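Line by line, the protein sequences are chains A and B.
Here the first sequence is numbered in this note's numbering, starting from 80 and rising by one per residue.
Here the second sequence is numbered in this note's numbering, starting from 309 and rising by one per residue.
Hints are computed from structural coordinates only; laboratory data are not their basis.
Just so you know, these numbers come straight off a predicted model, no measurement behind them.
One or more of the hints may lead you astray.
Stated by the list, open to error - Sample of chain A residues lacking proximity to chain B, with all beta carbon distances greater than 12 Å (derived): (1) L193; (2) G217; (3) L295.
Said to hold, decoys possible - Quick look at which bits of chain A chain B covers, simulated, 3 or more residues with Cβ under 8 Å: (4) 138-147; (5) 237-247; (6) 262-273; (7) 407-416; (8) 512-521.
As the list claims (entries may be wrong) - Each computed EDC-like pair below joins lysine to aspartate or glutamate, with the alpha-carbon atoms no more than 16 Å apart: (9) B:K565 to A:D169; (10) B:K743 to B:E642; (11) B:K565 to A:E260; (12) B:K630 to A:E121; (13) B:K630 to B:D330; (14) B:K706 to B:D660; (15) B:K518 to B:E642; (16) B:K630 to B:E370; (17) B:K565 to A:E119; (18) B:K565 to A:E121.
We put the CB at the ideal spot given by N, CA and C, even for glycine.
Okay, here's what each chain looks like letter by letter:
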Amino acid sequence: MNLDDVTRRAVEAALEAGAADAEAWAEEGVSRRIRVYDGEVESLSDAGGRGVGVRAFVDGRSGYAFGTDLTDAGVVEVARSARDAAEAADPDEHGGLPDEFGTTQIEGLASSALSDWSTERKVELTLAVERAARERPGVTQVENAVYSDAEGNVALANSRGFAAGYDATQAWAYASAFAGEGSDLMTGMGVGLGRDPDALDPDAIGGEAAERALALVGARQPESRRCPVVLDAFVAASFIGFIGSMLSAEAVQRGRSLFADREGDEIADPALALGDDGTDPDGPASAPFDGEGSPSRRTRLIEGGRLLTFLFDVRTARRGGRSTTGNASRGSYRSPPSVGTTNLVLDPGEGTLEELFEQAGDGLYVTDVAGLHSGVNPVSGTFSVGASGRLIEGGEAAGPVRELTIASDLVSMLRTVRAVGAQTRWLPLGGSVKAPPILIGEMAVSGA
Amino acid sequence: MTLVDPALAARVLERSLSRGGDFAELYVEARHGFAISLDDGRVERPQGGRERGACLRVVVGESSYYGHVDGHAEEDLMRVAGSVVQAVRGEATEPAALRAPERGNGHPVRTRPETVDAARKADLLRACDEHARSLAAEVTQVRASYAESRREVEVFNSTGRAAADDRSRVRLAVQVVARRSDRVETGSDNRGGHAGWELVEDDPEAVAGKAARRALALLDAVDAPTGRLPVVVGNGFGGVLLHEAVGHGLEADAVQKRASVYAGRLDDRLAEPFVTAYDDGSRPGDWGSDGIDDEGTPTRRTTVIEDGRLVSYLYDGLRARKDGVESTGNGRRESFRHLPLPRMTNTFFAPDDATPEGLIGEIDRGLYAVSFGGGQVEPATGDFVFGVSEGYLIEGGKVTSPVRGATLVGNGLEALAGVDGIADDLEIGSGYCGKAGQSVPAGVGQPHVRIRQLTVGGTAA
Numbered sequence: 080m081n082l083d084d085v086t087r088r089a090v091e092a093a094l095e096a097g098a099a100d101a102e103a104w105a106e107e108g109v110s111r112r113i114r115v116y117d118g119e120v121e122s123l124s125d126a127g128g129r130g131v132g133v134r135a136f137v138d139g140r141s142g143y144a145f146g147t148d149l150t151d152a153g154v155v156e157v158a159r160s161a162r163d164a165a166e167a168a169d170p171d172e173h174g175g176l177p178d179e180f181g182t183t184q185i186e187g188l189a190s191s192a193l194s195d196w197s198t199e200r201k202v203e204l205t206l207a208v209e210r211a212a213r214e215r216p217g218v219t220q221v222e223n224a225v226y227s228d229a230e231g232n233v234a235l236a237n238s239r240g241f242a243a244g245y246d247a248t249q250a251w252a253y254a255s256a257f258a259g260e261g262s263d264l265m266t267g268m269g270v271g272l273g274r275d276p277d278a279l280d281p282d283a284i285g286g287e288a289a290e291r292a293l294a295l296v297g298a299r300q301p302e303s304r305r306c307p308v309v310l311d312a313f314v315a316a317s318f319i320g321f322i323g324s325m326l327s328a329e330a331v332q333r334g335r336s337l338f339a340d341r342e343g344d345e346i347a348d349p350a351l352a353l354g355d356d357g358t359d360p361d362g363p364a365s366a367p368f369d370g371e372g373s374p375s376r377r378t379r380l381i382e383g384g385r386l387l388t389f390l391f392d393v394r395t396a397r398r399g400g401r402s403t404t405g406n407a408s409r410g411s412y413r414s415p416p417s418v419g420t421t422n423l424v425l426d427p428g429e430g431t432l433e434e435l436f437e438q439a440g441d442g443l444y445v446t447d448v449a450g451l452h453s454g455v456n457p458v459s460g461t462f463s464v465g466a467s468g469r470l471i472e473g474g475e476a477a478g479p480v481r482e483l484t485i486a487s488d489l490v491s492m493l494r495t496v497r498a499v500g501a502q503t504r505w506l507p508l509g510g511s512v513k514a515p516p517i518l519i520g521e522m523a524v525s526g527a
Numbered sequence: 309m310t311l312v313d314p315a316l317a318a319r320v321l322e323r324s325l326s327r328g329g330d331f332a333e334l335y336v337e338a339r340h341g342f343a344i345s346l347d348d349g350r351v352e353r354p355q356g357g358r359e360r361g362a363c364l365r366v367v368v369g370e371s372s373y374y375g376h377v378d379g380h381a382e383e384d385l386m387r388v389a390g391s392v393v394q395a396v397r398g399e400a401t402e403p404a405a406l407r408a409p410e411r412g413n414g415h416p417v418r419t420r421p422e423t424v425d426a427a428r429k430a431d432l433l434r435a436c437d438e439h440a441r442s443l444a445a446e447v448t449q450v451r452a453s454y455a456e457s458r459r460e461v462e463v464f465n466s467t468g469r470a471a472a473d474d475r476s477r478v479r480l481a482v483q484v485v486a487r488r489s490d491r492v493e494t495g496s497d498n499r500g501g502h503a504g505w506e507l508v509e510d511d512p513e514a515v516a517g518k519a520a521r522r523a524l525a526l527l528d529a530v531d532a533p534t535g536r537l538p539v540v541v542g543n544g545f546g547g548v549l550l551h552e553a554v555g556h557g558l559e560a561d562a563v564q565k566r567a568s569v570y571a572g573r574l575d576d577r578l579a580e581p582f583v584t585a586y587d588d589g590s591r592p593g594d595w596g597s598d599g600i601d602d603e604g605t606p607t608r609r610t611t612v613i614e615d616g617r618l619v620s621y622l623y624d625g626l627r628a629r630k631d632g633v634e635s636t637g638n639g640r641r642e643s644f645r646h647l648p649l650p651r652m653t654n655t656f657f658a659p660d661d662a663t664p665e666g667l668i669g670e671i672d673r674g675l676y677a678v679s680f681g682g683g684q685v686e687p688a689t690g691d692f693v694f695g696v697s698e699g700y701l702i703e704g705g706k707v708t709s710p711v712r713g714a715t716l717v718g719n720g721l722e723a724l725a726g727v728d729g730i731a732d733d734l735e736i737g738s739g740y741c742g743k744a745g746q747s748v749p750a751g752v753g754q755p756h757v758r759i760r761q762l763t764v765g766g767t768a769a
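Just chain A, with the same shape it has in the complex:
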């Protein structure tokens, strides 16, 4: 069966099994991954996958099941299991399928150029990434250079008449380089992504890994202080990803977000503007419709420092008396939809990184954080995370530092943003995020 037939058959079988409503999400795709080490292929894979997930609704209860057997018998069994699973749930007056469906036309989610690339050429590209990192003087090793791509089809159908699908491709590469030796060994990562390998620049990816490692060689633990902090785009993206997860209406309604009750409030410096955009053709998480068939869209979350809205799926929208923002997200056919961000986009400001350093005067430039997810209290927003980077002295980048923590709380951090950089880039950190570097007025830095 093709995917459209699979989803239609699954919906039909769930209704036959006694479901009042049903929805089926099916995927199939192929992916490749190439890992090189020391000028040789370390591993190479070529893999196919397929599966279907069914949501069945019975008396206001919903159950979910998935399976990888896409024969008629296999699909029917998944549909029945979903219907049976629903028995164990409590009824939810806000649950159920969306009342309205639709798709947003987005060009360029799939690139035909991907299929023009032979495996040999992809291996060459991966080797070029490694070479670009290794060739920089001071780089002692390239731990990993990895290329990966995927092409897949998705189909969604439900018992209210929605049926649609789309194709998408992705290609990405990253490298992790070492500089220095022994206890002074430092690591750096470089990354690039796009719809096909033509979008990947091996010199830039390998070079970035090398430069990020080299910049930290000789790092020492700094003295504790309170000072301005510049977050580079990688680190800003990690924080923004975390903040985005706190703007989910699910987290808000369940009392797990520090932003609950803050809608309409000024929660950030007016320089800060943030949106969720499921329609940007360059955004890795873009798609014509979300995980339950609502059309994708752009949602402004923070503008002029003010929190405008949360992100909703159909269930949280009904509960909150709102409309969905098209943020029912699916990890894969293996899980039911739940509220999630698509692509978070932090609007660029003005100024180069050097200008942010100048504004900071004396402070800290953070290029890596560790333990963000364990170090932030999602409810109070207080955090203390491990970091490394460089000192900023007299408005310029100075000596490298490591083994320190930066601490604040998310609201204070957002309110004390002093400047947003101009150069944004896509980063696959904390979801899919497009972010520039940002300057925070003050944070607690703990070191020696």
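Start from chain A and add chain B according to the hints.
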């Protein structure tokens, strides 16, 4: 062998080596899972899944070529073998004839979780919700989740190995939110094992109670101190520090790439003579235990640190062949969609003869880190960071105020050398370990352990 007929496996292996290769392996898996959660007082998201798939790999020198497929049919397996060998260039080699199947260590499963009604699993969660809310009016939210999985695994390889395993795991996790005026805090706890329904059926309220008490304690918490302090790390899940700061650096892939501070340190004294640590995937019923690893090697106990000296790394087959040693049974993978890597199973410090009270009693000013929210380590440098989810000040040899927002920052080698006391109360907790995009169940544990000094990054700067 119930998933794939050995005669078919032999044909697939033969095809896999038809263009050369030093080693070929067929890994076959059938997975069944069920999960259900309770949030906001409501049982929701009951979900089940079934997957059948296979992973085929061919090793040529130091290169691995592999592919995976959803399905076990002859045409699925032959197609993936055909696609993998296309990347190999050489003369055909012959796999050895398959031997009789091996089964590794058994782990007792009294009641198969899939035979228990979903309604009883929902009731388990309701009992947790009720108990947590009964402890204090400040408990405002309870989130509980139950998950079970069964993985039937078969491994066939070109050395003639045929091995099988049947794994059942269950896990109950509870997270509690407590609120007092503007103060909102969370606490969590879990219980998991390679076991049946019996593990969670007995006193699930204990898990809810521990999560609630953690959240409630934090309501009275003071800001964490900052600076270098002696730290006593709690037993059980406190062992995540050993797991992250030492264990990952002992995994042979990192060692062989010299991406580990422990590379070249075999036989060196790294800790005080009373420090011994194991990785043990054979411990009956523990969360990180299996019968065989995901390459068919029986699980076993490996001493990694003996009387303070580093005595072994953790190996899968590929890295063991490179070092000319035997696999330690640590070749693990998330599923048939992944290549095996050297991974920890259950990793823990051996108990010594101190007591927790004794370790704490000798500290004038320090931190008692009972449990961590998680952590991260850079194996190449050994630098680590951990968020303390339940911690207390130690003042004048006594545990005093709870603290919030504490982070431990340090270096694995330094922390290991700084262990200056180990208690006698070993416990193993259950967690998920992520590496190279693969998540596997890992047991972490230890008795109470004292570290002379660590950098505590607090919020009270």
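Sort out whether A:D169 lies within 16 Å of B:K565, counting only the CA atoms. Measuring from Cα to Cα gives roughly 52 Å; hence the hint is violated.
Hey, B:K630 versus B:D330, does the alpha-carbon distance stay inside 16 Å? holds (12 Å)
So if I understand the rule, the pair passes when the alpha-carbon distance is 16 Å or less; does B:K743 with B:E642 pass? Given that 16 Å is the threshold and the Cα spacing comes to 10 Å, the pair holds.
Starting from B:K565, check that the Cα of A:E121 is at most 16 Å away, please. Measuring from Cα to Cα gives roughly 12 Å; hence the hint holds.
For the pair we were handed, B:K706 and B:D660, check the Cα-Cα distance against 16 Å. Distance of about 21 Å is beyond 16 Å: violated.
Would you mind confirming whether the straight-line C-alpha gap from B:K518 to B:E642 stays at or under 16 Å? Cα-Cα ~29 Å, so violated.
May I ask you to check that A:G217 keeps its beta-carbon over 12 Å from the closest beta-carbon of chain B? The claim stands: A:G217 keeps its Cβ more than 12 Å from every Cβ of chain B (closest is about 15 Å).
Compute the least Cβ-Cβ separation between A:L295 and chain B, then decide whether it is above 12 Å. violated (10 Å)
Proposed proximity, A:E121 with B:K630 (alpha carbon, max 16 Å): Holds, at roughly 13 Å.
Could you grab the alpha-carbon distance between B:K630 and B:E370 and see if it respects the 16 Å cut-off? Holds - the C-alpha atoms of B:E370 and B:K630 are around 9 Å apart, at most 16 Å.
Holds or violated: are the alpha carbons of B:K565 and A:E119 at most 16 Å from each other? With Cα atoms ~13 Å apart, B:K565 and A:E119 stay inside 16 Å; holds.
Can you take a look at whether the stretch 262-273 of chain A is actually covered by chain B? Rule is 3+ residues, C-beta closer than 8 Å. Since 4 is at least three, the answer is holds.
In the structure shown, a violation is registered for the earlier hints numbered 3, 5, 8, 9, 14 and 15, in ascending order.
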